[in-house]
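Read top to bottom, the protein sequences are chains A and B. Counting from 401, one number per residue, gives the positions in the first sequence under my numbering. Counting from 9, one number per residue, gives the positions in the second sequence under my numbering.
No lab work stands behind these hints: they were computed from the structure. Being a predicted model, the structure only gives us computed values, none of them experimental. The reader is advised that the hints may include incorrect statements.
Calculated from the model, a selection of chain B residues having no Cβ within reach of chain A, i.e. all distances over 12 Å [said to hold, decoys possible]:
{"#": "1", "residue": "Ala138"}
{"#": "2", "residue": "Glu178"}
{"#": "3", "residue": "Val206"}
Per the computed footprint, the stretches of chain A lying under chain B, defined by three or more beta-carbons under 8 Å from a beta-carbon of chain B, are [what the hints assert, rightly or not]:
{"#": "4", "segment": "408 to 420"}
{"#": "5", "segment": "425 to 437"}
{"#": "6", "segment": "457 to 467"}
{"#": "7", "segment": "537 to 549"}
{"#": "8", "segment": "620 to 626"}
Using N, Cα and C, we set each Cβ at its ideal position, and we do this for glycine too.
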Amino acid sequence: MSAPATRAGYNFAYLDEQTKGMIRRALLKAVAIPGYQVPFGGREMPMPYGWGTGGMQVSAAIIGRDDCLKVIDQGADDTTNAVSIRAFFRDLTGVATTERTEQATLIQTRHRIPETPLHEDQILVYQVPIPEPLRFIEPSEVETRKMHALEDYGVMHIKLYEDIAQFGHIATSYAYPVRVNGRYVMDPSPIPKFDNPKMDHSPALQLFGAGREKRIYAVPPYTEVRSLDFADHPFEVQRWDQCCAICGATDSFLDEVILDDQGGHTFICSDTDYCRTRLARQEEKA
Amino acid sequence: MSQPQLQAGFANPVEDSQQAFRHLLKVMSEPGVIRPLAAATALDTLTPATFSACQTLLDATTTLWLGGALDTETVRANLGFHSGCRIVVDPAAADFVLARAGELPELMTLRAGTAEYPDRSCTLLVQVEALATTATEQATALRLSGPGIATSRQLGVTGLDTRLTRYLVERPHPFPLGLDLVLLAQDQVAAIPRTTRVEVN
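So that you can see chain B by itself, here it is in the shape it has in the complex (with noise of 0.2 Å):
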C-alpha cells in the first residue's frame, strides 16, 4: 500500500492565512455575498476554496468531522499535517463537519450550542458545485435576508440537497442555537449563518 502523498499548503501562512479569514469574516457577516478565495491549491477531493478554509480554520484544538467522497487518505493525511486537527468518527463531537451537501450527517444529531453558550456549535463546511448570484439552470436559488443584509441578497448554489435545504428554510434549531453554514465552491466562498432567514425561489 503507497503512502499518501503529502502536498503544500499555504506559500506564505501567516498572510494566507489572513486574507483568506478576512473573506470568510466578509461573507459570515454578510450572508450571501460571494467572496473569492483560492489561497492554497486543490488538495485530491478538495477544491482550491475548501483547502484554504480548512488551513485558515482548523488547528490541534479543534475537530473535524469529514465524510463521503472528501474522505480520502491522502486529504486526511495533509489536513493532520498542515492543521494537526483531530479527526472524529461521532459527528456530534465535531467543531467542523466537512463533507458534500448530500453526504452529511444527520444534522439535529450535530452540536447546535446551548442556550448559555450558543457559540459552541458545529460550523458546517460544505463544498459545492458553484456560487453564483443569478439564478440558472442547476442552481437552488435562495432568497436571503437578516442581519448583514440590507433588504434582500439572491444566492443561487448548485449542490445543495434538499435536507440542508429544508433545515436552512425550516430552521429547527430555536435561535440562538443552530449551525452555521460555509459554502465553499471551486475557488468561492458564501456563508449563511443561523439568523439568516432563507426562502427557496
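Okay, chain A solo, but in the shape it has when bound (with noise of 0.2 Å):
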C-alpha cells in the first residue's frame, strides 16, 4: 500500500503534507496568472540556498509514483547538483529516473532548457536564484510590486538599451527578461538565451521556484513567451562558428572546454542527453 524502498522516517518527497499543498495552491494561482511571481511559504530543505531548493520544493510537491525523473545541471546529467538532486528523489520517493530527455515526465533544471524539443504533458522546473527581473534596478520589493501592477516596464528596456550605447548590440547573454502573455515581464532563471524561444508555446508545462526569495511561478502549454526588444535591435541568440568536438552538432548550445595551458580549447555540447544520442545515432549508422 506504500511506495517502494524509500528512507524510513521521511515523508514521500521529503516534505509534510501541509506544506505539499500550501505550494499546490501556490502552482494553481501561478499557471492561473502567467508569469506573475506567487509568493509561498518556502520551506529549509537539507542544502543551502543557491542549490535548487526552490526548483526541489515544486518538484517535492508534485511528484508522484508514476513520475519519471530527469535532473540538469547547465544540460549536464552527470554533475554535482544533478547527481545529488536526483539521488534525493531516488531516495525519498523511489520514482524512475532517466537521463533521457524524451522519457522524462518531470525535468528539474538549472540554467539549460534540454535541445530536444519537449512535448505535452511534461513538466520542466527550474531553479531560480532571483525571481524579480526588475531587482537589479530597483531593489525594493514594495516598488517592484507596484511596477508590475502598473506594468511600468520601461526602466527594463532603459537596461537592455545601455547595452547597446556602450557595446553596440544587447550584450545580456543569459537571464534575458521575456513577457508572458504580452502582460508580466518574466525572469526565465539564468538561462543562456539561446534558450529563451524553447519557452514560446511550448506543449510543456513550465514551473520556477526560488527557495531563497520564496516566490513560485509559471507558464502554462501554448503561451507566449517574447524577448524583449527593439525594432533595429531583434532579439539574437548565439552562434557559434564551431560544431561540437563530440557529435558535431551545429545547432545545440556549445560550452568553451580549455584543454591546456597555451591557450587551447574546444567546444562540446553544453546538453550531455543530446550529445550522447547524437553520437550513438552516428554509430548506429557507421
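Given two chains presented individually in distinct reference frames, assemble the corresponding complex, making use of the accompanying hints.
Next comes the structure, spelled out in C-alpha cells:
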C-alpha cells in the first residue's frame, strides 16, 4: 500500500503534506496568472540556498509514483547538483529516473532547457536564484510589486538600451527578460538566451521555484513568451563558428572547454543527453 | 437529533492527493481539458470529484464558503474532519467557494486579488452535472482560447447557469484580477482560469 523502498522516517518526497498543499495552491494560482510571482512559505531543505531548494520544493509537491525524473545542471545529467538532486528524489520517493529527455515526465533543471523538443504532459521545473527581473534596477519589493501592477516596464528597456549604447548590441546573454502572455515581465532564470525561443508556445508546462526568495511562477503550455527587444535591435541568440567536438552538432548550445595551458580550447554540447543520443545514432549508421 | 455520519476520505492520503493535484494542475494549465478525478467516494451531496478536490486543496489554513444544496451537516462535519478548513459565512472572506452554479454568491463580492497580489483571489469549486468535449443537448457549449490552448478548445458543461456564463464571457474583473473556476462533475474535472477567453457557441 505504501510507496516502494524509500528512506525510513521521511514522508514521500521529504516535505510534509501541509507544506505540499500550500505549494500546490500557489502553483494553481501561478498557472492561472502566467509570469506572475506567487509568494509561498518556502521551507528549509537539507541543502543550502543556491543549490536548487526552490526547484526541489516544487518538484517535491508534484512528484508521484508514476513519474520518471530527469535532473540537469547546465544541461548535464552527471554534474554534482544534478546527481545529488536525482539521488535525493530516488531515495525519498523511489520514482524512476532517466537521462533521456523524451522519457522523462518531470525534468528539474538548473539553467538550461533540453535541446530535444519537449512534448505535452512533460513538466519542466526551473531552479531560480533571483525571480524578480526588476531587482537589479529597483531593490525595493514594494516598488517592484507596484511596477508589475502598473505594467511599468520602461526601465527594463533602458537596461537593454544601455547595452546597445555601450557595446553596440544587446550584451545580456543569460537571464534575458521575457514578457509572458503580453502582460508580466519575467526572469526566465539564468538560462542562456539561446534557450529563450524554446519557452514560447512550448507544449510542456514550465514551473519556476525560487527557494531563498520564496516565489513560485509558471508558464502554462502554448503561452506566448516574447524576449524583450527593439525594432532596430531585434532579439538574437548566440551563434558559434565551431561545431560540437564530440558529436558535431551545429544547432546546440556549446560550452567552451579549456584543453591545456597553451590557450588550446574546444567546444562541446552543454546538453549531455542530446550529445550522447546523436553520437549513438551516428555509430548505428556507421 | 442524530450526529452527522463521518465517512472515510482518501485511502492513501499522500498518493491520492498527489494524483488528484496533478489532474488539477493539468486542467488549470490547459483550460478545457477534462481529467478523471475520483480517488474518494461520494460524500452526501458532493460527488467523488468534488470530495477529492476538497481533500486535495483544503486544509486548516484555508477558508471555505459552502452554499446551497451542497451545504449539509454531513458535508460540513466531514470537510471539517478531513481537512480542518474553516467554513465562513461571508463569501468575501473565502479562499474557496463551493456550490452549484446557480447557488453561487454574488461573484463581484468575492475576493479577486489586488493589483499587487492578484493571487490572493478566490477559487470557485463548482459542482456541475456533466463535462464533455462535444456539444450535447443540455450542455452549454463553450469555446475556449488563451494560454494553455494551442488554438481553441471546446468544452460542454451541463449545469452552468447564465450568471456564471456571463461572468466568464464578460470578465468584469480587469486582468490580472479575477476568479479561477474549477468545474467538478461526477468523476471528472476541468478548469477555466482567469486568462481564458470564453465564447458561448
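Here's how the hints hold up against the structure:
1. Ala138: holds, 23 Å
2. Glu178: holds, 18 Å
3. Val206: With a cut-off of 12 Å, valine 206(B) remains clear of chain A, as the shortest Cβ separation is near 14 Å.
4. 408 to 420: It holds, with 5 qualifying residues against the three required.
5. 425 to 437: holds (count 11)
6. 457 to 467: holds (count 5)
7. 537 to 549: holds (count 4)
8. 620 to 626: holds (count 5)
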